[in-house]
Amino acid sequence: MSTVTAAVPRRRRAGSRRAAAGYLFVAPFLVVFVAMLVVPLAYAGYLSLFREQLIGGTTFAGLDNYTRALSDDRLLGGVARVGAFFAIQVPVMLGLALFFALALDSGVLWLSRLLRLGIFVPYAVPSVVAALMWGYLYGPDFGPIAQLFEKVGWNAPNLLGSDLMLGSLANVVTWEFTGYNMIILYAALRSVPTELYEAAAVDGAGAWRIAWSIKIPALRPALLLTLIFSVIGSFQLFNEPQLLQRLAPNVIDSAYTPNLYAYSLAFTSQDVNYAAAVSFLLGVVIVAVSYTVQLAANRRRS
Amino acid sequence: MRTPRLRLLAAGVAAGLVLAGCGGGSDDDSGGTSSAVSQADIDKAMQTPTELTFWSWVPNIDKEIALFEKEYPAINVKLVNAGQGEPQYTKLRTALKAGSGAPDVVQIEFQYIPTFTITGDLLDLRPYGAEALKDQFVDWTWGQVTGADGQVWAIPQDTGPMGMLYRQDIFDKYGIKPPTTWDEFAAAARTLHAADPNVYLTNLASNQNGAWMGLLWQAGSRPFKTDGDRISVSVNDEASKKLGQYWGGLAKEGVISTDADFTDQWYQGLNRGKYATWLTAAWGPVFLSTSAKDTSGKWRAAPLPQWTDGGQEAGNWGGSTSAVVKTTKNPIAAAKFAEFLNTDPESTMMFATEQFLFPATKAVLSNPAFSDQKPAFYGGQQVNQVFAGISDTVATDFQWPPFLDQTVNDWDETVGKSLADRTDTVAALDQWQQRITTYAKNQGFKVE
Numbered sequence: 003m004s005t006v007t008a009a010v011p012r013r014r015r016a017g018s019r020r021a022a023a024g025y026l027f028v029a030p031f032l033v034v035f036v037a038m039l040v041v042p043l044a045y046a047g048y049l050s051l052f053r054e055q056l057i058g059g060t061t062f063a064g065l066d067n068y069t070r071a072l073s074d075d076r077l078l079g080g081v082a083r084v085g086a087f088f089a090i091q092v093p094v095m096l097g098l099a100l101f102f103a104l105a106l107d108s109g110v111l112w113l114s115r116l117l118r119l120g121i122f123v124p125y126a127v128p129s130v131v132a133a134l135m136w137g138y139l140y141g142p143d144f145g146p147i148a149q150l151f152e153k154v155g156w157n158a159p160n161l162l163g164s165d166l167m168l169g170s171l172a173n174v175v176t177w178e179f180t181g182y183n184m185i186i187l188y189a190a191l192r193s194v195p196t197e198l199y200e201a202a203a204v205d206g207a208g209a210w211r212i213a214w215s216i217k218i219p220a221l222r223p224a225l226l227l228t229l230i231f232s233v234i235g236s237f238q239l240f241n242e243p244q245l246l247q248r249l250a251p252n253v254i255d256s257a258y259t260p261n262l263y264a265y266s267l268a269f270t271s272q273d274v275n276y277a278a279a280v281s282f283l284l285g286v287v288i289v290a291v292s293y294t295v296q297l298a299a300n301r302r303r304s
Numbered sequence: 014m015r016t017p018r019l020r021l022l023a024a025g026v027a028a029g030l031v032l033a034g035c036g037g038g039s040d041d042d043s044g045g046t047s048s049a050v051s052q053a054d055i056d057k058a059m060q061t062p063t064e065l066t067f068w069s070w071v072p073n074i075d076k077e078i079a080l081f082e083k084e085y086p087a088i089n090v091k092l093v094n095a096g097q098g099e100p101q102y103t104k105l106r107t108a109l110k111a112g113s114g115a116p117d118v119v120q121i122e123f124q125y126i127p128t129f130t131i132t133g134d135l136l137d138l139r140p141y142g143a144e145a146l147k148d149q150f151v152d153w154t155w156g157q158v159t160g161a162d163g164q165v166w167a168i169p170q171d172t173g174p175m176g177m178l179y180r181q182d183i184f185d186k187y188g189i190k191p192p193t194t195w196d197e198f199a200a201a202a203r204t205l206h207a208a209d210p211n212v213y214l215t216n217l218a219s220n221q222n223g224a225w226m227g228l229l230w231q232a233g234s235r236p237f238k239t240d241g242d243r244i245s246v247s248v249n250d251e252a253s254k255k256l257g258q259y260w261g262g263l264a265k266e267g268v269i270s271t272d273a274d275f276t277d278q279w280y281q282g283l284n285r286g287k288y289a290t291w292l293t294a295a296w297g298p299v300f301l302s303t304s305a306k307d308t309s310g311k312w313r314a315a316p317l318p319q320w321t322d323g324g325q326e327a328g329n330w331g332g333s334t335s336a337v338v339k340t341t342k343n344p345i346a347a348a349k350f351a352e353f354l355n356t357d358p359e360s361t362m363m364f365a366t367e368q369f370l371f372p373a374t375k376a377v378l379s380n381p382a383f384s385d386q387k388p389a390f391y392g393g394q395q396v397n398q399v400f401a402g403i404s405d406t407v408a409t410d411f412q413w414p415p416f417l418d419q420t421v422n423d424w425d426e427t428v429g430k431s432l433a434d435r436t437d438t439v440a441a442l443d444q445w446q447q448r449i450t451t452y453a454k455n456q457g458f459k460v461e
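Residue numbers (my numbering), protein chains in the order written: chain A, 3 to 304; chain B, 14 to 461.
There could be a bad hint or two in this list.
What the hints assert, rightly or not - What follows is a set of in silico ranges between Cβ atoms, one per label pair, in the way DEER data are often shown:
#, chain 1, residue 1, chain 2, residue 2, range
1, A, Lys153, B, Ala111, 48 to 56 Å
2, B, Gly324, A, Leu139, 44 to 52 Å
3, A, Trp112, B, Asp75, 53 to 61 Å
4, B, Asp185, A, Val94, 51 to 59 Å
5, B, Thr204, A, Pro93, 48 to 56 Å
6, B, Thr451, A, Pro93, 53 to 61 Å
7, B, Ala111, A, Ala89, 40 to 48 Å
8, B, Gly262, A, Val40, 39 to 47 Å
9, A, Pro159, B, Glu144, 53 to 61 Å
Derived from the structure by calculation, the hints contain no laboratory data.
Virtual Cβ for every residue (Gly too), placed ideally from N, Cα, C.
Using the sequences provided together with the hints, build the complete structure.
Structural data, given as structure tokens:
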């Protein structure tokens, strides 16, 4: 890049000068992008081809780490778990986000600004704080939810037990990110030209009909965007389970999600090389799922 | 949700950048005779202006540091709190791999010493006169800091011989005598829980490998032996299975609880009288008196119940040392600092009476100013004396694996899980054994 900017010949066509200026403008981004993303990524890829042992030091391992990962039950179990998480949590979250966005956009709600803010606020709460707060709410002996159940005289479910843990996590994540997705959808709705609504009204369409036939189709690109964000978010689930791990150490093990597993491999098992391979494979899974989602959405449109 | 991956990669990079530089460690002068540093060299080093970096999480340890700096004005110690336990070790490892940023002296718990010596990261303190300190320390603590070839890897700072803290009031209410054998303990657990289903005789935390290892130590198991690249692992031997059967059985019966410790739920349990005993270490009494204030005056201390009637065995849980990191540029000053901190009479006494660390030196343990204290929290009982007595009964030959993080993590997911889920703990011991041996083999050890 620097050669382009430094060695611009004096007389050049305006077009290429403009191109040079363009490069100059993106240079800061590119530098950071290369230094902070491309180089580490390439380095992790490089690392994943080696094997370091306490006894014997570092040796070249080829693709051994990858073959090991592909038959690693703990990793596959984690991927299956976040897959299930994705399949259940994301539709609920996006459904809620869509519902709130449509409700706010319809303009029939009182205090809609306050509501909008209220739904969005959880996203502004750091996920660390959110997980700690929910951890307290879920507490089996003295948590408010358990106490409420006790007051009514029912047996309190153990929200931090192995049966319900994934649901409890899904609840935290839904609480955190519904507002965020709602804002994206709401913004997309605001950009729908009002003439369309007027035309529909003239044709005799009611509020539901407008929502179904105009608003939701108009939202398709925004929905796709939120869906892909959610794919990435689900498969990279880390903060929430890691924080709840302290409260339920025997339920959330070190391979509960693939990201937790990679973290544990790197810092508990001191196996940076295998951790890098696992991270790479996880990246491949995410790209594959995102691409499938996109493809499916596009096919349906055409 | 999106950040950890980047963080992970970045950390991976930081850790990996120097892969080339950290392969070594086995080629240094381990074993053999190490030449002693002369007194003249020591005097010179202690008078040369020097800055040492010291990582420790002991609160207010700057008071002890001030004593050292008064004695050796030329030396300036920079204190860094890099986190307690694991977070600190992670930072230390990263710094060591990166080749810069590691401290000169570092606080390391006994059980982590082999994890850092296997990678050749600690300095043998024999050339700096550490061997002469042996007699000042309780035997087993010295055993914990000594390497296979007699290396002295660290100076003991505080210890955690295990005993039993119990609720006198609950025992009185249900007519239970403090159990002296594990059989009595099991019987008491059943009696108590039958009398009041909301109370458990004890809580064996399903996330606390430290306590398990202490109990294993007491039961006579010696699960790890490392000799160069050979390692023997037997976490499912006779004594371990006895322990697994005992605790797994009580957990399955539902007469003890297995809540994760140091959580809100656990603190509330202590305060509300859910647990009638806490099987803990010598650092437990002071900790308890600050975290279960409501129960003041109701607790007493006793040795652990025994496997044989009239036996006197104990294990250790926790306690720290000061170790010198091999990359230090000022080994003499660093070694002398570690020595001063943990042997100077004023400094060691201060640790015992201001930070309430349980002492590792014989001098402090027998000092009336320490042992005769009568805390009101324990109804005026001389708790320190009880634990000083226990400290003498800790076996000296217990060894730790050279990859502690991994064994602890695997314990949580096998044995700990079986306690929490009330499933077969003996079978879980086999799984634990299996996981450790697989890991050891992957790491290039010859497993016996």
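* Range hint compliance [Cβ, Lys153(A) to Ala111(B), 48 to 56 Å] -> Given about 55 Å between the Cβ atoms, the range holds.
* C-beta pair Ala111(B), Ala89(A): status relative to the range 40 to 48 Å that was hinted -> 41 Å, holds
* To do: Could you see if the CB distance from Gly262(B) to Val40(A) stays within 39 to 47 Å?
  => 57 Å, violated
* Status of the given 48 to 56 Å range, CB of Pro93(A) versus CB of Thr204(B) -> 53 Å, holds
* Is the gap between the beta carbons of Asp185(B) and Val94(A) within 51 to 59 Å? -> Holds, since Asp185(B) and Val94(A) (Cβ atoms, about 53 Å apart) stay within the stated range.
* Taking 53 to 61 Å as the hint, is the beta-carbon distance of Thr451(B) and Pro93(A) inside that range? -> At roughly 39 Å between Cβ atoms, Pro93(A) and Thr451(B) fall outside 53 to 61 Å, so the hint is violated.
* Asked: Between Gly324(B) and Leu139(A), does the beta-carbon spacing fit 44 to 52 Å?
  -> 46 Å, holds
* To do: Take the C-beta atom of Trp112(A) and the C-beta atom of Asp75(B), compute their distance, and say whether it sits inside 53 to 61 Å.
  => 59 Å, holds
* Asked: Per the hint of 53 to 61 Å, is the separation of the Cβ atoms of Pro159(A) and Glu144(B) within bounds?
  -> 60 Å, holds
Checked against the numbered hints listed earlier, the structure breaks hints 6 and 8; every other hint is satisfied.
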